[in-house]
Amino acid sequence: TQLLEQSPQFLSIQEGENLTVYCNSSSVFSSLQWYRQEPGEGPVLLVTVVTGGEVKKLKRLTFQFGDARKDSSLHITAAQPGDTGLYLCAGGGDYKLSFGAGTTVTVRA
Amino acid sequence: DAGVIQSPRHEVTEMGQEVTLRCKPISGHDYLFWYRQTMMRGLELLIYFNNNVPIDDSGMPEDRFSAKMPNASFSTLKIQPSEPRDSAVYFCASSLIGGPMGTQYFGPGTRLTVL
Chain A
5 TQLLEQSPQF
15 LSIQEGENLT
25 VYCNSSSVFS
35 SLQWYRQEPG
45 EGPVLLVTVV
55 TGGEVKKLKR
65 LTFQFGDARK
75 DSSLHITAAQ
85 PGDTGLYLCA
95 GGGDYKLSFG
105 AGTTVTVRA
Chain B
25 DAGVIQSPRH
35 EVTEMGQEVT
45 LRCKPISGHD
55 YLFWYRQTMM
65 RGLELLIYFN
75 NNVPIDDSGM
85 PEDRFSAKMP
95 NASFSTLKIQ
105 PSEPRDSAVY
115 FCASSLIGGP
125 MGTQYFGPGT
135 RLTVL
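Chains as they are written, first to last, in the working numbering: chain A, 5 to 113; chain B, 25 to 139.
In short, the hints are calculated from the structure, not lab data. Misleading hints may appear alongside valid ones.
What the hints assert, rightly or not - Chain B side only, calculated, beta carbon under 10 Å to chain A, not exhaustive:
hint	residue
1	Gly27
2	Gln30
3	Pro32
4	Leu67
5	Leu69
6	Gly83
7	Phe89
8	Asn95
9	Phe98
10	Val113
11	Phe115
12	Cys116
Claimed, not checked - Below, computed lysine-lysine pairings styled on DSBU-like, alpha-carbon distance capped at 30 Å:
hint	chain 1	residue 1	chain 2	residue 2
13	A	Lys60	A	Lys100
14	A	Lys61	B	Lys102
15	A	Lys100	B	Lys48
Unchecked claim - Okay, the calculated beta carbon distance ranges per label pair:
hint	chain 1	residue 1	chain 2	residue 2	range
16	B	Glu107	A	Ser11	41 to 49 Å
17	B	Ser97	A	Glu42	34 to 42 Å
18	A	Tyr26	B	Asn95	37 to 45 Å
19	B	Glu38	A	Gly56	46 to 54 Å
For glycine and all other residues, C-beta sits at the position ideal for the given N, C-alpha and C.
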């Protein structure tokens, strides 16, 4: 059973468009992390958010942690083909991470 | 600086055979994690170690799976006997600190196919 639900499961957009990926849970997490995974490689950490309502920006990527620390979103502005990959959210509790199933993002040139 | 190293990168074996996956964490990292990734179940934590000691193995699917960390620079995940449903990509990750603020660095994974 996935504690974290990600939507949509797949997203295909044209270069230059914006996109948003969602991560929702019924559980409260002490932190939430976003990873990007490219084919044949392991996930790579993009950001960690810990405070309810927190917003972090990483170039064209904007991450938001919900006020109740149960949900998060990732927004990409002016997507580029290099943004293509599997985006995973992971909720932190104790010393373990629980991962969502991921959103596969494809940005067409 | 080398990241997490896993071997082999690909493993194809027949049902009933023993499989051993290997991991070398980043030097100085005190935490080591083994994950399994499948299309159906996503990325699942199998077991993690702190200072070479297994802390939580509640994710290990059954007794056919075992993991060891004999020293700070080496860990193994063994499946004996292997079954077709064990086919997946197995990742090893390490981190300097534990807890929700720790950054886990993942290896490239071992793609296991059990025929």
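Hints breached by this structure: 3, 7, 8, 9, 14, 16, 17
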